[in-house]
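Those protein sequence lines, which keep their order, are chains A and B. Each residue of the first sequence is one higher than the last, beginning at 1 in the working numbering. Each residue of the second sequence is one higher than the last, beginning at 1001 in the working numbering.
These are computed hints drawn from the structure, not numbers from a lab. Treat each hint with caution, since some may be false.
[Said to hold, decoys possible] Cross-link-like lysine-lysine pairs, in silico, DSS-like; alpha carbons within 25 Å at most:
id, chain 1, residue 1, chain 2, residue 2
1, A, LYS275, B, LYS1284
2, B, LYS1296, A, LYS393
3, B, LYS1296, B, LYS1243
4, B, LYS1178, B, LYS1224
5, B, LYS1079, A, LYS118
6, B, LYS1243, B, LYS1222
7, A, LYS342, A, LYS275
8, B, LYS1178, B, LYS1222
9, A, LYS31, A, LYS97
10, A, LYS54, A, LYS133
11, B, LYS1079, A, LYS275
12, A, LYS31, A, LYS285
13, B, LYS1079, A, LYS173
14, A, LYS546, A, LYS54
15, A, LYS275, A, LYS285
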Amino acid sequence: MANTKVFSAHKVYTMNPSRPEVSHVAVREGKILGAGSLDELSGWGEFDLDNRFKNKIIMPGFVEGHAHAMEGTLWRNVYVGWFDRMDPNGRLWPGAKSLDNVLQRLSEANVQLSDETKPLSGWSLDPIYLGNKRVTRQDLDKVSASRPIGILHASGHILNVNSKGLELAGLLKPGINHPGIPLGPDGLPTGELYGPDAMTPVGVHVGFDRSMTDCDEQGLRDYAKLCVSSGVTTSTDLAARLTDASVDMMLRVTGEPEFPACIVPLRIFFGMSPKELIDYVIQLKSMSTDRLSLGRVKAVLDGSIQGFSARLNWPGYYNGSPNGLWYTSPEQLSELYLLALKNGVQVHTHTNGDQAIQLSIETLEAALRQAPSFDHRFTLQHCQLASAAQFRKMSKLGMCVNLFANHHYYWGDEHYSRTVGPEKAERMNACKTAVDSKVNMAIHSDAPVTPLAPLFTAWCAVNRLTASGRVQGSHECISVSDALYAITLGAAYTLHMDHEIGSIEVGKRADFAILEADPYENDPETLRDITVWGTVQSGRVFEAIKS
Amino acid sequence: MTDTTPVILISGYLGAGKTTLVNNLLRNAGGTRLAILVNEFGDLPIDEDLIETKDEKLISISGGCICCSFGDDLTGALKDLTEIDPMPDCIVIESSGVALPNQIVANVTLLENLYFRGVLCVVDSSTLLSKIKNQYISDIIIGQIKAANLVLLNKTDLCSPTLLTLIKNQLYDTFEVKHIINTTHADLSLGILHELDDHNLSTRGSLDAHDIFESFILYPEKIKSPEEVREVLCTWDGLERVKGYLCDQNNNTWLIQLSGDAINLERLRTPRQSGLVIIGLKGKIDQKAIKDAFEKL
Chain A
1 MANTKVFSAH KVYTMNPSRP EVSHVAVREG KILGAGSLDE LSGWGEFDLD NRFKNKIIMP
61 GFVEGHAHAM EGTLWRNVYV GWFDRMDPNG RLWPGAKSLD NVLQRLSEAN VQLSDETKPL
121 SGWSLDPIYL GNKRVTRQDL DKVSASRPIG ILHASGHILN VNSKGLELAG LLKPGINHPG
181 IPLGPDGLPT GELYGPDAMT PVGVHVGFDR SMTDCDEQGL RDYAKLCVSS GVTTSTDLAA
241 RLTDASVDMM LRVTGEPEFP ACIVPLRIFF GMSPKELIDY VIQLKSMSTD RLSLGRVKAV
301 LDGSIQGFSA RLNWPGYYNG SPNGLWYTSP EQLSELYLLA LKNGVQVHTH TNGDQAIQLS
361 IETLEAALRQ APSFDHRFTL QHCQLASAAQ FRKMSKLGMC VNLFANHHYY WGDEHYSRTV
421 GPEKAERMNA CKTAVDSKVN MAIHSDAPVT PLAPLFTAWC AVNRLTASGR VQGSHECISV
481 SDALYAITLG AAYTLHMDHE IGSIEVGKRA DFAILEADPY ENDPETLRDI TVWGTVQSGR
541 VFEAIKS
Chain B
1001 MTDTTPVILI SGYLGAGKTT LVNNLLRNAG GTRLAILVNE FGDLPIDEDL IETKDEKLIS
1061 ISGGCICCSF GDDLTGALKD LTEIDPMPDC IVIESSGVAL PNQIVANVTL LENLYFRGVL
1121 CVVDSSTLLS KIKNQYISDI IIGQIKAANL VLLNKTDLCS PTLLTLIKNQ LYDTFEVKHI
1181 INTTHADLSL GILHELDDHN LSTRGSLDAH DIFESFILYP EKIKSPEEVR EVLCTWDGLE
1241 RVKGYLCDQN NNTWLIQLSG DAINLERLRT PRQSGLVIIG LKGKIDQKAI KDAFEKL
């Protein structure tokens, strides 16, 4: 058997401008030997021809620049979201379109649990789509009054629990005075819990424990299955604690022969001083493998827009809510940036509000003056409310952005009418401005907040439709070509990995997304409907599981 | 209240002196078993000489005190403390520099066996005026100050008297601060923590009983004009609070209040007997000189 394999395809889109479309791609030792005609590739010597993709489209493997592998773990709970969503085993869960639907689905799961004390946990609830009807503990008590039940909202910022859950946490009592715990007419909590402070004490009793943001072993394997079914060959795990035990687990699991993706976990800036963190991350970097790339930092500067905890510039929130919170102080950020630049460590910073974006830009500019760094690629994650002036500034400073294109679809209507108002809502996730300003751009899902599906994310950036069907900010729509660049090379660049992945050209890793239809030739409005057959990662072929 | 443990929150922006205050409290705990909760152990929260043993989450301190880090789970850490036997005498939370107290206070109220006593906000007087002009953090700092039962105005030695007056006026008038204590190195005895709730601080008795303040009462004769009193009071350093009634030669009664450096005079309709309570920093006010000055009015 030859050590070279040549895949034929209906078309190979390479993202390499010198030969953008070819018919064949040759793979040797997990790397791309060449992209071209069969005739050209045969010059490399003996090969096996693999025609299984001859009617399909080969693209560079998609790169998800902002997701959390915990999505894999969440799927062990009951999915009660409003939108249809595919689980790791290829089963499509239809959206739960009414509260009765949600309760029915929970009841079915309840019957299957034998142990009466085991909690029942659901996830991805979104009352916005259930006519904004609040879910109460009495609703969930109908599913079971004896078993603790908890349902995490799609945003991840709200938890609904039943009476038993409240009781176990000692909160089923009158006299509670807490902004995150609304009370019913009976003076007892309604069962809705807002924000981590209110969620954490009850969460442990309903199956959501303290270190929920980290995926576990099975979760990581399941997450990788989702990568295959969405065409992703490289994914970040954007806010990991990376304890010794979790690094050990990730090295082991990603090292399994059939693990189908490269995972890029970023160490969150929390619980360590900047100095300790940088030292730790440098040490982690040396442990990197081909399928686990370590050595980057994620800082969280502000909160979320729909949670009204993002830091906004004047005039603030459309509904008059007070400004949000800093999750990292300006002083700490400044210390972190300077140390990171001096040590060549890359920092990705969560910024949602335009004030957080402004602070990040100013802090980096000051740090760069002290520690000039010509290719730092510091990336603003989400960066949802950046203004045109901020994009121009980011461009000059060599910053990258990873915009939350999906947000527009899921919560765009909410942003327009309630959180930031029409004008800022229309410029949210300003992909076109980023492209025009020559800021390197990726777009992301933030899975599990929205589903891992780069073609859907691209569709969002191209069409800017909200869930109600309005085009919000048509000026910021980008071309299919720009969107596909953002989910491949654009995202790879934000990770300093564009020399290895993101395009199909000689010498790069043989990472492909295999599609059933041509994203360039079809109507841009159907981009999200393209079926992903599976992936090729480091030359290994993975077919998506179909249920 | 006997079987519940008081919780006190120390807030204040980065660099205000929260950690110094915590160390001073530990140093002078005098047998009170304090449990200090800090956000994280990042930059040594406790002076080395106080530490007996230390691991990742808990520092044991000489004299039966402890210090724990709570990370992103304050509620969990507080809960753990309520399960220690015997429970600490007092729990002090040192919040992160960018946290607002309200949420933390609300969390404490969720837990059994704890009651919330009050918020003490440490303010660096030497940087306050520039910080409240900083677009990124002004609302946070003002929020911290407004939520406090007591402001510990720190590093006053780095401020000119004029600047200090300016700051105190702003704290009292604009930010509606009720109580201020001046310090240079976040020095505060433990006693004040026990009187942190508004009720106690508002009671004259508790303040003058405390070892950092002294107070005395004057019964001035009829004065010529209230403006003269204002002039007299302005000349004395160390006055924290003056409140009482004065009668002038035309038999008008005046309510006089000094708070920080602001002096308010208000004419009352109902006559009252003259009498002034004067509170100042212990050892910093000259009672005899003040009495003499009033007698000359």
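For the pair supplied as a hint, LYS275(A) and LYS1284(B), confirm whether the alpha-carbon distance does not exceed 25 Å. At roughly 43 Å apart (the allowed maximum being 25 Å), LYS1284(B) and LYS275(A) break the hint.
Verify the proposed pairing of LYS31(A) with LYS285(A), using a straight-line Cα cut of 25 Å. Holds, at roughly 22 Å.
Holds or violated: are the alpha carbons of LYS1178(B) and LYS1222(B) at most 25 Å from each other? violated (30 Å)
Take a quick look at whether LYS546(A) and LYS54(A) sit within 25 Å of each other, Cα to Cα. With Cα atoms ~20 Å apart, LYS546(A) and LYS54(A) stay inside 25 Å; holds.
Does the structure keep LYS31(A) and LYS97(A) at a Cα separation of 25 Å or less? Between LYS31(A) and LYS97(A) the Cα gap is close to 45 Å, so the pair fails against 25 Å, i.e. violated.
Decide if the proposed pair is consistent with the structure: LYS1079(B) and LYS118(A), CA atoms, cutoff 25 Å inclusive. holds (23 Å)
Quickly compare the C-alpha distance for LYS1079(B) and LYS173(A) to 25 Å and report which way the hint goes. holds (17 Å)
Is the straight-line distance between the alpha-carbon of LYS54(A) and that of LYS133(A) 25 Å or less? Judged against 25 Å, a Cα distance of about 50 Å means the pair is violated.
CA of LYS1243(B) to CA of LYS1222(B), is that 25 Å or under? holds (16 Å)
CA of LYS275(A) to CA of LYS285(A), is that 25 Å or under? holds (16 Å)
Below or equal to 25 Å on CA atoms is what counts here, so check LYS1079(B) against LYS275(A). Between LYS1079(B) and LYS275(A) the Cα gap is close to 31 Å, so the pair fails against 25 Å, i.e. violated.
LYS1178(B) and LYS1224(B): Cα distance at most 25 Å? Roughly 31 Å separates the two Cα atoms, so the pair is violated.
Checked against the numbered hints given earlier, this structure breaks hints 1, 2, 4, 8, 9, 10 and 11; the rest are met.
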